[in-house]
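Colleague: The lines below spell out each chain.
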Amino acid sequence: MRDEDSTLKKIFSDWRVIAMVLLVVFSIASIYLLPPNFENGVEGNLQLGLDLEGGSWIQLSFDSEVVRFSSDMTASEFASGLSAKIDAEVIPFSADQIEIRKKMSEDELREIFDEMGAQIVSYDEGVSPETADDVKRILEDKVNNLGTKDAKINTISGMNGIVHYMRIELAGTDIKTAQDIVSSQGKFEIRIQTDGEETDHVLFGDSVTSVSRPQQSPPGSGNWGVAFTLDDEGAAAFRASAIKYGAVSNPEDHELLMYLDGDEVYHAPLSTDLAAKLLKGTVRDLSASTGSGDESLEEAQKLEIHLRAGALPVDVSIAGSGSVPAALGDYFKMICVIAGILALVAVGITVYYRYHEPSIVFPMVMTNVVEIIILLGVARYIQQLDLAAIAGIIAVLGTGIDQLIVITDEVLHEGRVPSPNVYLKRLNRALGIILVAAATVIFAMLPLIVMDLSSLKGFAIVTILGVVIGVLVTRPAYGKIIMAILSKKPS
Amino acid sequence: MGKFTYDINRYEPKQMVALPAGLFIISVLFLAFNFFTTGMPIEPGIDFAGGISVTVFSDDSKEDIESYFSGYPLQSIGESINNGYYIVFQNMGDDEFRDLTDHVISEYPEAKIDQIGETFGKTLQEQALWAILISFILMAIVVFAAFRNFVPSVAVVISALSDIVITAAIMDVVGITLSLGTTAALLMLIGYSVDSDILLTTRLLKRKGKLEEKMTGAFRTGIIMTSTTLTAVAAMFIVSAIGNVVIIRDISAVLLIGLAVDVMNTWMLNAGLLKWYMGRGGRK
Numbered sequence: 001m002r003d004e005d006s007t008l009k010k011i012f013s014d015w016r017v018i019a020m021v022l023l024v025v026f027s028i029a030s031i032y033l034l035p036p037n038f039e040n041g042v043e044g045n046l047q048l049g050l051d052l053e054g055g056s057w058i059q060l061s062f063d064s065e066v067v068r069f070s071s072d073m074t075a076s077e078f079a080s081g082l083s084a085k086i087d088a089e090v091i092p093f094s095a096d097q098i099e100i101r102k103k104m105s106e107d108e109l110r111e112i113f114d115e116m117g118a119q120i121v122s123y124d125e126g127v128s129p130e131t132a133d134d135v136k137r138i139l140e141d142k143v144n145n146l147g148t149k150d151a152k153i154n155t156i157s158g159m160n161g162i163v164h165y166m167r168i169e170l171a172g173t174d175i176k177t178a179q180d181i182v183s184s185q186g187k188f189e190i191r192i193q194t195d196g197e198e199t200d201h202v203l204f205g206d207s208v209t210s211v212s213r214p215q216q217s218p219p220g221s222g223n224w225g226v227a228f229t230l231d232d233e234g235a236a237a238f239r240a241s242a243i244k245y246g247a248v249s250n251p252e253d254h255e256l257l258m259y260l261d262g263d264e265v266y267h268a269p270l271s272t273d274l275a276a277k278l279l280k281g282t283v284r285d286l287s288a289s290t291g292s293g294d295e296s297l298e299e300a301q302k303l304e305i306h307l308r309a310g311a312l313p314v315d316v317s318i319a320g321s322g323s324v325p326a327a328l329g330d331y332f333k334m335i336c337v338i339a340g341i342l343a344l345v346a347v348g349i350t351v352y353y354r355y356h357e358p359s360i361v362f363p364m365v366m367t368n369v370v371e372i373i374i375l376l377g378v379a380r381y382i383q384q385l386d387l388a389a390i391a392g393i394i395a396v397l398g399t400g401i402d403q404l405i406v407i408t409d410e411v412l413h414e415g416r417v418p419s420p421n422v423y424l425k426r427l428n429r430a431l432g433i434i435l436v437a438a439a440t441v442i443f444a445m446l447p448l449i450v451m452d453l454s455s456l457k458g459f460a461i462v463t464i465l466g467v468v469i470g471v472l473v474t475r476p477a478y479g480k481i482i483m484a485i486l487s488k489k490p491s
Numbered sequence: 001m002g003k004f005t006y007d008i009n010r011y012e013p014k015q016m017v018a019l020p021a022g023l024f025i026i027s028v029l030f031l032a033f034n035f036f037t038t039g040m041p042i043e044p045g046i047d048f049a050g051g052i053s054v055t056v057f058s059d060d061s062k063e064d065i066e067s068y069f070s071g072y073p074l075q076s077i078g079e080s081i082n083n084g085y086y087i088v089f090q091n092m093g094d095d096e097f098r099d100l101t102d103h104v105i106s107e108y109p110e111a112k113i114d115q116i117g118e119t120f121g122k123t124l125q126e127q128a129l130w131a132i133l134i135s136f137i138l139m140a141i142v143v144f145a146a147f148r149n150f151v152p153s154v155a156v157v158i159s160a161l162s163d164i165v166i167t168a169a170i171m172d173v174v175g176i177t178l179s180l181g182t183t184a185a186l187l188m189l190i191g192y193s194v195d196s197d198i199l200l201t202t203r204l205l206k207r208k209g210k211l212e213e214k215m216t217g218a219f220r221t222g223i224i225m226t227s228t229t230l231t232a233v234a235a236m237f238i239v240s241a242i243g244n245v246v247i248i249r250d251i252s253a254v255l256l257i258g259l260a261v262d263v264m265n266t267w268m269l270n271a272g273l274l275k276w277y278m279g280r281g282g283r284k
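Sequence lines, in order, name chains L and A.
Its first residue numbered 1, the first sequence is counted upward by one per residue in the numbering used here.
Its first residue numbered 1, the second sequence is counted upward by one per residue in the numbering used here.
Be careful, since some hints might not be right.
Said to hold, decoys possible - Calculated lysine-lysine pairs in the DSS-like style (CA-CA distance at most 27 Å, straight line): (1) 122(A) - 136(L); (2) 62(A) - 425(L); (3) 244(L) - 187(L).
What the hints contain is simulated information worked out from the structure, not anything from laboratory work.
Just so it is clear, the structure is predicted and the values come from calculations on it, not from any experiment.
Given only the sequences and the hints, what does the whole structure look like? Please build it.
Modeller: Encoded structure:
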């Protein structure tokens, strides 16, 4: 009895063993108690990827380029010149960068640039971060309208900040709905108040030719609004309605109303300025103001989306997409759990076959289990687990056991249990081997984290995390545990 | 245990190195031939070439599925024991793809669908090849930094390179395509394969004692390491192959091949090179 006490004491006086125990407690708490999440069953707070949770994803690329140029002209002069030449929107967004909202190759552009006496300094497919934010906001708005419970929209950009892709992940949504979000447009309509509650049609969204970002007018005034342009037909209809119902003379009683898919999204009277202009002729450039303050900015952002009727400011193409029904996700989860357990059992049998010694095999397998628990507990905060990440976890299980064998064989060298001093020397040598091996795995996985090769990023993060936890805590702790256990055994 | 018939001390370095070196050269030639005829050393799967894959579970026969999708550019149908099918289509336009998803969902509402466009696939492929190259270089740097001894480090790096090259060649022969999953597996192999190489090198260079004894000891430990990993990966392979979880199946298949190749490379190629080096008196 006393002998056993001292073994336990020896084991638990090592800081790495203490750290290991604390980490296990922390991990289990993280998964199940922080915050409590019992209705979720075994999964607790683990974040599962779409292929286990069920849902769909779409990755979009932009039919647009960002070009850094050099020219005598300023960015805005150059942009408007280029815009007229290629008949597409061109937006300047820094002193020497423009965004061209039309799919064009570098060669095509170089020819046109040559004609304009400018040079291409760099060419990237994609959009500016500002435009990406715009697109993201519009998509978020559409997703919210669907009432989808869990949606993630991420931008994927290069080192230079230019956004190449946008990835939309929708949990619990099928692929058709996801496709609709990207491609469908709403029906936008402007109506005019005729008499009290009565309204009459003025124009539809197809008459709106362009919509600006929210802007202050006049600049710096803090008065937010969205400018938009009508085509000739729309401008004529707008003027005719305003005059017919007397909005030009009595704006307050004849407000203009905007509808998206039948819901009113904005209403305001004509400004006196605009009323006066309309009396003289048609007006194509209009502006809808939302007032001043942060709230008004938000309103203006929403209004912008509504005016576009949910259309994106730049054309997008579907680069990739996919979906997993929830039932299939559950099935995959089950397969992963079975694979993990079987792998563990297989490993246990193999090491038992080698050592024939439960007091070595049991701590070995337990260390492996503990490693996986800690890995899951830490991953809960930083990484979604999808099928690829699960493969990473099982791979960690494989390397983990490898390294425990290195430690065991190194310290048991020549069969006898050595004295504590020799033991520690050998343990350190074993830790040296596993440190080098771990460093190679970590460095081999690093490129995947930087490169953002979709699902492989999670795989790499999980693998690195597992190796780090193993090398720093669990595998050295195993060395100490096995030392304490073996030293009490008569050899 | 004495159950392994390979006696690592019986053979001359030349004899040990011959088989892996021969396979390595054949594999390099094979991959180079592929590269010059198709532009890729291994056939790319849909992740890289672009295309559409549909995973379904159904009692329908392969012929039923073939005829149901006859109106679409069907490329291949893979089957698993568990009534699972992995159906691959060539790339198509957005509208046609939407049409296909409708067609799939109306008959198989529980299908997993994945689609990768050609350009996006190309970007991924380019990045994947870079990732493999950079990983390998980083691994080599770690090995050189750890041993600070030229010949043994080169032996480890060559044996890792041989692992990847021979595994890649076998992959292509047995029809496993290069995908995101198998790229990950190849990268993981870089990490796995140097495990036993590092063990061998450290034991031989840093321990005192007779070369034969150290070699036998390292072999004993190394073989059990690789066998445990092999059994873990084999369990993963069997479950995912029966369960038709294609990404995990492919990852584990490549790891199985790679680990087997690694046994040969570590205990014949790397051990042979080290033995030759130490025989020349290259000990520290």
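Colleague: Hints first: check each against the structure and report whether it holds.
Modeller: We went through each hint and held it up to the structure:
{"no.": "1", "hint": "122(A) - 136(L)", "verdict": "holds (25 Å)"}
{"no.": "2", "hint": "62(A) - 425(L)", "verdict": "violated (61 Å)"}
{"no.": "3", "hint": "244(L) - 187(L)", "verdict": "holds (25 Å)"}
Checked against the numbered hints listed earlier, the structure breaks hint 2 alone; every other hint is satisfied.
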